[in-house]
Amino acid sequence: MKTTAFTKTYAGRTVLSLPELELPQACITAVIGPNGSGKSTLAKILAGIERADEKRQILSGVSVGYLPQKSFPFRMSTEKNILQNGNDHARARALMKELGIDSLAGQSAKKLSGGETARMALCRILMKRYELLILDEPTAAMDMESTLAAEGLIQKYCAETGCAVLLITHSIGQARRLSDRLLFLQGGKLIEQGQTSQLLSVPQCEETKRFLEFYGR
Amino acid sequence: MGSSVRKAIELILSADPELLNILSTTARVCLTSSVLALLIGVPVGILFGAERFPGRKVLLVLNRTLIGMPPVVCGLLFYMLFSGVGPFRHLHWLFTVKLMILAQVVLITPIIIGVMETFVADTAPALRETAKGLGFGRLKEYRLLINECLYSIFSAYLLSFARAIAEVGAVAMVGGAIAWKTNVMTTAIMMYTNRGSFTLGIALGLILLSLSLLVNIILSVMQGRLSR
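Chains as they are written, first to last, in our numbering: chain U, -12 to 204; chain L, 2 to 229.
The set of hints was computed from the structure by calculation and includes no laboratory data.
All figures in this text were calculated on a predicted structure; none of them were measured in a lab.
One thing to keep in mind: the hints can contain errors.
[Unchecked claim] Derived BS3-like pairs (lysine-lysine); straight-line CA-CA distance at most 25 Å:
{"id": "1", "chain 1": "U", "residue 1": "Lys98", "chain 2": "L", "residue 2": "Lys141"}
{"id": "2", "chain 1": "L", "residue 1": "Lys141", "chain 2": "U", "residue 2": "Lys67"}
{"id": "3", "chain 1": "U", "residue 1": "Lys(-11)", "chain 2": "L", "residue 2": "Lys133"}
{"id": "4", "chain 1": "L", "residue 1": "Lys141", "chain 2": "U", "residue 2": "Lys57"}
{"id": "5", "chain 1": "U", "residue 1": "Lys115", "chain 2": "L", "residue 2": "Lys133"}
{"id": "6", "chain 1": "U", "residue 1": "Lys143", "chain 2": "L", "residue 2": "Lys141"}
{"id": "7", "chain 1": "U", "residue 1": "Lys57", "chain 2": "L", "residue 2": "Lys133"}
{"id": "8", "chain 1": "L", "residue 1": "Lys133", "chain 2": "U", "residue 2": "Lys42"}
{"id": "9", "chain 1": "U", "residue 1": "Lys84", "chain 2": "U", "residue 2": "Lys98"}
{"id": "10", "chain 1": "U", "residue 1": "Lys67", "chain 2": "U", "residue 2": "Lys97"}
{"id": "11", "chain 1": "U", "residue 1": "Lys97", "chain 2": "L", "residue 2": "Lys99"}
{"id": "12", "chain 1": "L", "residue 1": "Lys133", "chain 2": "U", "residue 2": "Lys98"}
{"id": "13", "chain 1": "L", "residue 1": "Lys133", "chain 2": "U", "residue 2": "Lys67"}
{"id": "14", "chain 1": "U", "residue 1": "Lys176", "chain 2": "U", "residue 2": "Lys42"}
{"id": "15", "chain 1": "U", "residue 1": "Lys97", "chain 2": "U", "residue 2": "Lys(-11)"}
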């Protein structure tokens, strides 16, 4: 699927200006870039949470699932939170087990720790099939073990559903482990895009090289 | 003082008919007005907190002004509207329980709107982002928002009930504190104190304080349960 070109301006300052983006099916596209590069704004615009300046749909006729950086736990048990997004109890339990929160099924989601909430939120979004799944730093609050389990689940979901996944991440390591394609944003602009392995090993632009050197390839 | 308190307790235990009448009138006025205020205030407060529409800020300022409205001013307004020269004089509501309830609804509703608006404005953006991200429709989004608000609704109700039961200015002006008809606890305390009859005044004061304690106990217990 393809997005149209769009811009986003806040108080007269253009924070994002992107050309058409291709988001292939059954493919994980990671978005990396420094703070303030527009990664989360891109995610919110594609998810329809915020509107681009053009006031039209950037993706039309596509079912989009979006996991924000800080997902909201509803005032109910962990399991009920997950079942809000689908009635498949077996799938909910399997997802919880894979992420190690099956023992917290009956506990109030409001009482979960940050990492547990992040795992619950990931289980919840993976309950439904979307054509495009946008994940904004889904593992930022998780420890390494949970991060690896979460990455496995995301890969499995992408392969099973054939959906396009857009992964916003700060971790170059995660982008390398998980993504097939990579977009590098800086200052609200798309600096470079390509196959993950190629972009990380042979970056073409100076900005990308500097960023990768700073964060470590 | 000590003997007055003892006599007051005896009066409560003896189920004095006048005391019972005052208590039943108070319950009727306060329960009805607080429930009506809740029915109006909760949806309006949620709407003010969750939605952005032209004129919202003006309405919020107006509501905050109404929260601070002195009860006697409210009483005066209703007195003028329903007295012999007012536009609603033909209803003959002055010095009736109906007008006392109406005046209290006007006093209490802004408090409920304020409590709900503050809570929802704080909660709605994060909840909406998550709900929208999951692909939920507006109806489901609102259902989840109301579920988040249960404790706030409950505490707004108790707050409004406490305000209603402690209020004296408006009910005294529009009710006239008529014995066996419109006399409620607060107006009765004033009346008996002015007459120098402290015993009944202290008895009513003790009941009022006990009710306030009860309301706070209920609030604390429910806070624990609803936050789960």
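Given the hinted pair Lys84/U and Lys98/U, is their alpha-carbon gap at most 25 Å?
holds, 19 Å
Pairwise hint evaluation, Lys67/U against Lys141/L, where the allowed Cα distance is 25 Å at most:
holds, 14 Å
Compare the distance between the alpha carbons of Lys115/U and Lys133/L with 25 Å, and conclude whether the hinted pair is satisfied.
Status holds; Cα separation ~14 Å.
Does Lys97/U sit within 25 Å of Lys67/U, going by the straight-line distance between their CA atoms?
holds, 12 Å
If you draw a straight line from the CA of Lys141/L to the CA of Lys57/U, is it 25 Å or shorter?
holds, 20 Å
Run the distance test for Lys133/L versus Lys42/U: straight-line Cα separation, threshold 25 Å.
Roughly 18 Å between the alpha carbons, so the hint for Lys133/L and Lys42/U holds.
Would the hint linking Lys97/U and Lys99/L be met if the CA-CA limit is 25 Å?
Distance of about 43 Å is beyond 25 Å: violated.
So if I understand the rule, the pair passes when the alpha-carbon distance is 25 Å or less; does Lys133/L with Lys98/U pass?
Roughly 23 Å separates the two Cα atoms, so the pair holds.
Is the straight-line distance between the alpha-carbon of Lys97/U and that of Lys(-11)/U 25 Å or less?
violated, 38 Å
Is Lys98/U within 25 Å of Lys141/L, Cα to Cα?
holds, 23 Å
Does Lys133/L sit within 25 Å of Lys57/U, going by the straight-line distance between their CA atoms?
Measuring from Cα to Cα gives roughly 14 Å; hence the hint holds.
Mind checking the alpha carbons of Lys(-11)/U and Lys133/L for me, to see if they're no more than 25 Å apart?
Measuring from Cα to Cα gives roughly 21 Å; hence the hint holds.
Hints 6, 11, 15 from the earlier list are contradicted by this structure; the remaining hints agree with it.
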